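Asks: Chains as they are written, first to last, in my numbering: chain Y, 366 to 843; chain U, 50 to 298; chain L, 6 to 267.
Just so you know, not all the hints are guaranteed correct.
Said to hold, decoys possible - The calculated lysine to any residue pairs, modelled on SDA-like cross-linking and capped at a C-alpha distance of 25 Å, are:
id, chain 1, residue 1, chain 2, residue 2
1, Y, K667, U, S144
2, L, K198, Y, H734
3, U, K119, U, A92
4, U, K58, Y, L670
5, L, K50, Y, A791
What the hints contain is simulated information worked out from the structure, not anything from laboratory work.
These numbers were taken from a predicted model, which means no experiment stands behind them.
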Amino acid sequence: MKPLTINFRSKAAQTIGDEQVQNSLEHVYTGFYQGRINAAADTPNWEELRTKGKAIKDHTIAHLDHYLDMFSEKVEQSGGTVFFADNAEEARQYITELAKDRDIETVIKSKSMVSEEMSLAENMNDSGFETIETDLGEYIIQLAGETPYHLIAPAVHKSRKDVAELLDKDFEDGDRVPDATELTMLAREQLRDVFARADMSVTGVNFAVAESGSITLVTNEGNGRMSTSVPRIHVAVMGMEKIVPSIQDLSTMLRILIRSATGQRISTYVTMVNGPKTPDEEEGPDEFHVVIMNNGRLKLLKDPLLRESLNCIRCGACLNACPVYRKVGGHAYGWVYPGPIGAIVTPVITGLKDATNLPAASSLCGACHEACPVKINIPRMLLELRHKTAEGLSDPDERTSKFVERAIWKTWRIGMMGRGRFDWGARLAYLFMRPFSINGWIRKAPPPISGWTVSRDFPLIAGRSLKSRLNHRHKKEI
Amino acid sequence: MADKVSFIKQVTKALGRTKITRPKDNYDTAIFEDRNLARANAAQAVADANSMAANLIDQMVQSADDAGWKVHRADNYEESAELIVGICKDHNAKSVLRSAHSVLTDIPIDRALAASGTVLEVTEHSSQSSNRHIEKSKAAAFNADVGITGVDYAIAETGTVVLHPRAGVSRLVSLAPPTHIAVLRPGDVLASLDELFAIQRDDFLNGKLQGSMNLISGPSKTADIEGTTVTGIHGPLEVHLIVIENNKY
Amino acid sequence: MPETSNNNLGTQSVTLFATCMIDQMAPTVGESTVEVLEHLGLQVKFVDQQTCCGQPAFNSGFRSESLPVAQRFLELFEAVDGPIIVPSGSCAAMVRNFYTDLFRHDQDLVERARTLSERLYEFTEFIDHFFGSDAIAGSCDDRVTYHKCCHLLREIGIDEQPLEMLSNIDGLEMTPMNRADVCCGFGGAFSVKMPDISSAILEEKLDNIEATKANRVVAGDIGCIYQIEGGLRRRGSTTRVLHLAEILSESIRNRKTGKATE
């Protein structure tokens, strides 16, 4: 997927002004966010589970080479085929060649963010394979020609009317808008026929298990199960970090993933695939392929401070908790992964230069860190990325800060390095700002703080510092 | 072009090492638990499922209900069969598919359904199935009104029915028909996900891991349209759990 | 007259780190802090040379500018003994939680920061820990609500304690705020770098404040206080925002005055 991170500000502003989308984003808080809070409260050992989940992922990523080796060997032992893809292009090519070689006509896709990285559905359709998204949310945005708005609910920004227009060719403005059940049944009907004739499926992977070469799919709809039951070829695509070491680890990981994503104790379906269909089975895929993707993840792995972002289990809890995401929506982030986790992985993978706004678009409130089932310290990584953009740590090309900003902070530092100049600077600011003020508040401030007074009054700096005031009270001098 | 060796080498390099090193034992992950412990855990899970059956069944009934199963408690085999026929009648079922779970021969369901005039097919498999036969089975699954299975396990923590697709238990019988009925009896219910995966791990270590596994916890659902939960998007709209209290007629 | 004994503190004297914003923009908050601490029987020292902990530059990524300022802070406060009290969750968090990353190329500085952090307390945390949330029994006839500043809540871990302190004030009616733990949108430089997002987040906070019908909002960090009050004023609201230290000192003065008139 082509990154459009450079449009962050304009897309954010557009979304903030869109009342319908703002109402939809409210559901993210009242539904998903509240769901996780309730589920956590209902789970007596919730904090222990988070600690354990973090420990499992820390260990796995610290030994990712070992576990990738184990996993791929086991998949092949079970009769599957593993393809290692350096980038999206290679992965897409492998899947397309496979489809071509096996005379595939219809491809069904189950939800996979990794497949969005390679714009798989779009490209396969262009290559002549009827490729249909089967997760309802993904189906809706495929019909709309858009990209996902949220990790778990790709069409969260669409109204019922939007959906009616997409699903029903005969729907016209002014018609009664069908309710959610009617629209869902319409989609069920449309997709059932597709399921019945699909000859290849592409799914994602929620957890890949190293010791047995298994993959697990977590869904509510049943399209994941259809994808592993009907077509003769099943391709599972995964980011290389999606591994856990043991089958037994799944009980911890499933508990924290699902409660954090939707607040459910468990999703309707959890499917574990340990290879292609067994000899005694009639249904099921003859072939099982796993495509393991790098596509820039090595950059995250290489940096000991950013490595933790690879612990992400893609639950979306950070999005739901983020006051920024809930205002700017998913598309502003410009690539596959929105929200706080997106603000880390997108710049590193697609290029910090165009994506500098992403780490900056945060009040550092820490709600994401608090929400994360595996306790990823997102604020810490946002600060790290801000440091890279401000001062171009190892790569001067990463630095995108403007001269003016650098000059401001240099001046700030000079002003803070001595009490005399600190007081003197404040006094100057007071004299300069006072004419703009009424009763201690300013309605229109000059740059660089003019942005503040577009929507808020700004306080006038005090005429006398605390030091000066305390000098007139009793205090002990140092 | 990525091949396994060079791909993994790059991962090793990114981790700051020169070759793959076996991790030291770490007990946060279960991978370092030896097979004796795994066997003991699995055995305990199965033993508890039997010794605490009544208790676990009560928990299962509650959590299954929470998860959206329509739960029916039946005293015995006859009653279970009657309940199933009743559900099929309610749905005007013309064609019913069932798996080959032993519970479905213990309860007189074939006889009862035949008596009610419903067409029943059992999902037997043959490894010599022709493509035509496979297509026919698939069509039967998509056309059936009701799918009936036993359970391989159930999980009290989450209200889950566990099925391992294999000969006699098709993947589609519990997925394609709009109504799914699962029949469970004492001894089937495990306490939690921990017990289920303990058994799976033990099976794996003994080379007996099944080809795939489906955990089913309620009717198929989605909330993708305006956050409104709707049941029955791709899988069954209605799922029924028949709980047989006593293994007798 | 101090209300409770402070014999687990081990000293009568503490040092105030005002923070740059309170020092120059909201000195009355600093004065209130001193009043409250003195009321608890403590002697409050003030390091005249203090300026800033370095957070603003650090948050904007300019660590090379932040570092010397932070180092200067460290040197100044290492020179005083005893507890250091900070009426700001974000500044206390900067020293305790973020100096490690700022100083990471110098293990010595990291160690020194860690050592200093052991005796550095956020204002509410300090009172709650050593005196108890019922230590200050003042009076104040008003209807207020409380906003949970993010760093105080998530970095320092102060959640319900300020509410307990407020409920201990005679005559004070507390109305709970919906989504009190959701950010106000300040975020330091974020408030001017991305003003439209900052304001959009603020709007929701202001709606939730107005719904409480409180006369005043209490909060623990001056940045949030300015963000919220600035927004309320722009809306034409007469609701005001004040620091916890301010309402505590006000309630102490009211109680004293009350006694004087008896």
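Asks: What are the numbers of the hints the structure violates, in ascending order?
Replies: Of the numbered hints, 1 and 3 do not hold.
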